[in-house]
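Trainee: Residues per chain are reported as follows:
4 protein chains.
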Amino acid sequence: MTLNIGMFGAGRIGIVHARSIAGNSRSKLIAVTDLVPQAAHSLASEYKAAPMSADEILANSNIDAIVIASSTNTHVDLIEAGIKAGKAVFCEKPVDLDLRRARACLDIVTGQDRPVMIGFNRRFDPDFTTLKSAFDAGEIGKGELLSITSFDPAPPPLDYVKVSGGLFCDMAIHDFDMACWLFDAVPETVNATGACLVDPEIGKAGDIDTAVITLRFADGRIATIRNSRRAAYGYDQRLELLGERGLLSAGNVLESTVIKSTIDGIDSAKPEYFFLERYMRSYAIGWAGFVDAVLDGKAIPVSVSDGVNALAIAEAAGLSLAQGRAIELAPVL
Amino acid sequence: MTLNIGMFGAGRIGIVHARSIAGNSRSKLIAVTDLVPQAAHSLASEYKAAPMSADEILANSNIDAIVIASSTNTHVDLIEAGIKAGKAVFCEKPVDLDLRRARACLDIVTGQDRPVMIGFNRRFDPDFTTLKSAFDAGEIGKGELLSITSFDPAPPPLDYVKVSGGLFCDMAIHDFDMACWLFDAVPETVNATGACLVDPEIGKAGDIDTAVITLRFADGRIATIRNSRRAAYGYDQRLELLGERGLLSAGNVLESTVIKSTIDGIDSAKPEYFFLERYMRSYAIGWAGFVDAVLDGKAIPVSVSDGVNALAIAEAAGLSLAQGRAIELAPVL
Amino acid sequence: MTLNIGMFGAGRIGIVHARSIAGNSRSKLIAVTDLVPQAAHSLASEYKAAPMSADEILANSNIDAIVIASSTNTHVDLIEAGIKAGKAVFCEKPVDLDLRRARACLDIVTGQDRPVMIGFNRRFDPDFTTLKSAFDAGEIGKGELLSITSFDPAPPPLDYVKVSGGLFCDMAIHDFDMACWLFDAVPETVNATGACLVDPEIGKAGDIDTAVITLRFADGRIATIRNSRRAAYGYDQRLELLGERGLLSAGNVLESTVIKSTIDGIDSAKPEYFFLERYMRSYAIGWAGFVDAVLDGKAIPVSVSDGVNALAIAEAAGLSLAQGRAIELAPVL
Amino acid sequence: MTLNIGMFGAGRIGIVHARSIAGNSRSKLIAVTDLVPQAAHSLASEYKAAPMSADEILANSNIDAIVIASSTNTHVDLIEAGIKAGKAVFCEKPVDLDLRRARACLDIVTGQDRPVMIGFNRRFDPDFTTLKSAFDAGEIGKGELLSITSFDPAPPPLDYVKVSGGLFCDMAIHDFDMACWLFDAVPETVNATGACLVDPEIGKAGDIDTAVITLRFADGRIATIRNSRRAAYGYDQRLELLGERGLLSAGNVLESTVIKSTIDGIDSAKPEYFFLERYMRSYAIGWAGFVDAVLDGKAIPVSVSDGVNALAIAEAAGLSLAQGRAIELAPVL
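Just so you know, the sequences run in chain order X, D, E and G.
Residue 69 in this note's numbering sits at position 69 of the first sequence, with consecutive numbering throughout.
Residue 157 in this note's numbering sits at position 157 of the second sequence, with consecutive numbering throughout.
Residue 186 in this note's numbering sits at position 186 of the third sequence, with consecutive numbering throughout.
Residue 7 in this note's numbering sits at position 7 of the fourth sequence, with consecutive numbering throughout.
These aren't lab readings, by the way, just hints derived from the structure by calculation.
Copies of the same chain are indistinguishable here, so a pair counts whether it falls within one copy or spans any two.
With a Cα cut of at most 27 Å, we get these calculated DSSO-like pairs of lysine-lysine:
1) LYS28 / LYS298
2) LYS84 / LYS298
3) LYS28 / LYS84
4) LYS142 / LYS162
5) LYS28 / LYS48
6) LYS204 / LYS142
7) LYS162 / LYS204
Let the hints inform the model, and build the full structure from the sequences given.
Mentor: Below, the structure written as structure tokens:
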């Protein structure tokens, strides 16, 4: 059986998902909608799908599931509309920038039986899942101190920064989810330090570009996240997990294994440049998880609840930065 | 335009090529033939192609090109039949186990205008092409000493060993081609040392399982190849090229970037297990090179002449091993 | 000219310094004192020095400098006594566990011309100085985010933990000094998260064994320190410094370069086991810095002021942990 | 008890040995002789030894052992004179450039009870001994294929090349000894390929600067050695040993662990520049082995017989290169 898909949003991330859909033998892109008709048309034609309006997609009984890859402020409404129309839903992160709205969406989703998945793709990165499997198998015993390095190669355009919800909601949210996923828990307190060091314009826009966020879990375990909007050498995405019997680490994926040794030194290749390169496989694997969940009745790998948790941590991080103190997560949640 | 393909041989390597054909938007598998009808039927049905007889494929005017993935002793006849039928031809290595037959085939091919490509897939490995590009760009100056490490994870079944043509024709032939490709030349002398160390049954079958072959080129450059039929840690495929201004090396592709540090040491992942894993990308890239050559009139990336050269080096290596001396290649060629 | 040395303390760290003294052609161990006469006698005889009382050392006009390697609570008194006796002073870290006492000592030292050096040996580690030289030379531009990993292989005996002054004063103090040294500045705020995860007995003794401390400097630069009393694979001592044009990192020094590849994986050697192995060279280099400063009138590489700063950060970290908020350093200093 | 040493030769290698002697608490440099009196005087005064004539050293009953660090053509005579004078002898490699003379020397040494050691210092390199220990402990099972990489950073002066005995006697001889030591055997056949690629002047002097030598042992094991007089990135000294259950490798020792990641790539430090840096520890350890052998009656770690074996392989390699065939070692030995 094949899952027929309607796509909301034909921008950069919609194109990524369209490729995953086409690369999976159990899913097929049927329809695409976008505020820019030309974008919808172009993506649709590449995959022999039809450009449609949003309403047509929702009303089309031949479409089994929708992918929400449109702007963040449309996510909650489309999740609810998709459920109401009886579709399975795959929605890009974040659920919303507003924690209250996201919680309300969770309430609605909870009462339904249609599968809804949030696109935290990094959970499906093969290196990260290898690390988690080793950890879950007890190879280093009890976890103690998790460290996540997440540096972008270069800051996004300032116009994007202004509507992004800020570094915590836009960038660190992936790392918050990663910490909850690896430790199978939600933190108790959130402690953030931040600065604007990369580009003063980001500061003028009210955001930071460099941050360290430290999460403390109820049983004392600690996760610390380092974020920067700029790493001149490329996308830096690493994990280190210290446990009672050792350390598990996942390093960067390099562009090649070629090493050049000259009088100037020993030079290796750089990390894959950005998320489209580094996480291409994880998008496809995450998509397969969604398809399998819908078609085979398996558990959804990333729930709306996961999305709400990550968002709550982002909100707590913002409070911590503003108030200069550790924030308890429970009241925020 | 799409290149319609008829496949000879539905075994392990045929399956690999079928996947490359399907993964390329400009080629389509139309027909499959195999001595075992069930194998042809099964592969054909997976790709919505038709099982056919060899004659039907050659006679089918809808088929533009054939892929020869059948046993080595059929290669030359099928190359000639394919050309006679007006097909482009992609043939697995080696051209033949008999150098005279391969040379005769080259004579026939040379007089024709149909493209014929030999499947030395390693030339398309992204790490190796990155190394060659850096070398050709002069990053280490003139080349001096090339070292190729090529160890299989485990020896093939003894029945295969007996018909394989021996380690030089079956295994080292890839490395001979790699040396000629990287140095853009054919060696002047061939010097081989070998032994049976892995499995005495291989020795009883008249073959060796461990070898060092050293090639000397007319201008003094040296290439040395290390082969073993067994590396307990997996497929070991590395290059090192020393030049006047430094060293370029291409390392193994590891199964993951995860490192585990415990009281027992610092443990990294192993190399990808064998050629199907390690060279999967190179098969696809090589196939694209063939499709582009046929459809766009580009140069064939690996010619029958390349196949004959590698085979001649294998024959010289065999002579060197038997006679305990360096063999000049020119008389062999 | 040779610097004649009197040693206070013949324990583990006194033995380290005695070796540095003997390995330096410009210094000579003359006298050793210790509460345990047998220890003083044994160390003295190994280096052909004389066991003496503390008063004898201070009164001996043939002794140019003293090394204070006795217990922490004696440091301040001995620094002052050494100065009063006209000796140059090399004192192990920390200056004292009590910030007020350390500050008072600084006041006294400041008014004197005898050189006094605090033994923050890690500043002299060849890898760390290589990193700092590259940073100071502008190789990655302006610094933004410094990360220090500092894990001990195993917790110290509980009796030691109880008198150690706690993880911040005893262990992290090295990292606080490292951050100030690398950034050539004192932080503005200190933010600590900690837990007792390694051994509940440490918690019962009122201490923690796992911590993340984040320092924010006036210009926004951030330094984050990860500490654990246990790393099953050995002493983990690494630096990472992100700047506007890249990242500088200093990795662990491994016990050997030997790698074993088997069916179980690719195994490297572990880091050198603990500080005596890893920092042996840095002790010798730091000692040479002291000798050169005293004999050649060069600047003292690590001043009492540096020691007070690190201690103040430790105190602020303790406050931050207790109060769950970022602590401004200025009022503490 | 202390071993009093008389040194023959105060050049580069004599200076190295003088440092090892001084660094060992059981040996003391007493006397130095050199054809250049000023050199002898200078080295002697650095270590509070006396400049003497060769005869004075041999006649001095206070001198227990001599170190022969003078030019190669003096080695055999001095070994014999040392033995006759009742001294223990430590002699730099090679025993001689002439295999017959070396064999004659071995005959003389064999009939004596004074310890004579040949300075194949690489056997004492900590990484190489770690590798050998792991191998001897059976960690990879039976050995099959040993690969030695040995590239100098830059060719020696042409005047040195002319009297060096050629690449095989001067440079590869270390690697021949390494192969015999690791495999605990002498090879059966020697197969050499060589060229002059680095500097045509070396070719005009009748030597080569680039070579691959492959040794085959009686039980089929193979060792292959790669030599070049030039590696732009520094001294390249690596071992790889493939066995039935895996691979042991020893990599280069890098100048630091610092890695710089920028837009230009990921840059590590280069290998330690040349043998004085890389093998400084091995000289000291080897010297300790000699001292322990003489004072404690332990076995000499490297015998004259080892020196003769390595020289015989060098001679066989020269024959192989000249005649283009594998040379059996037995008739040469």
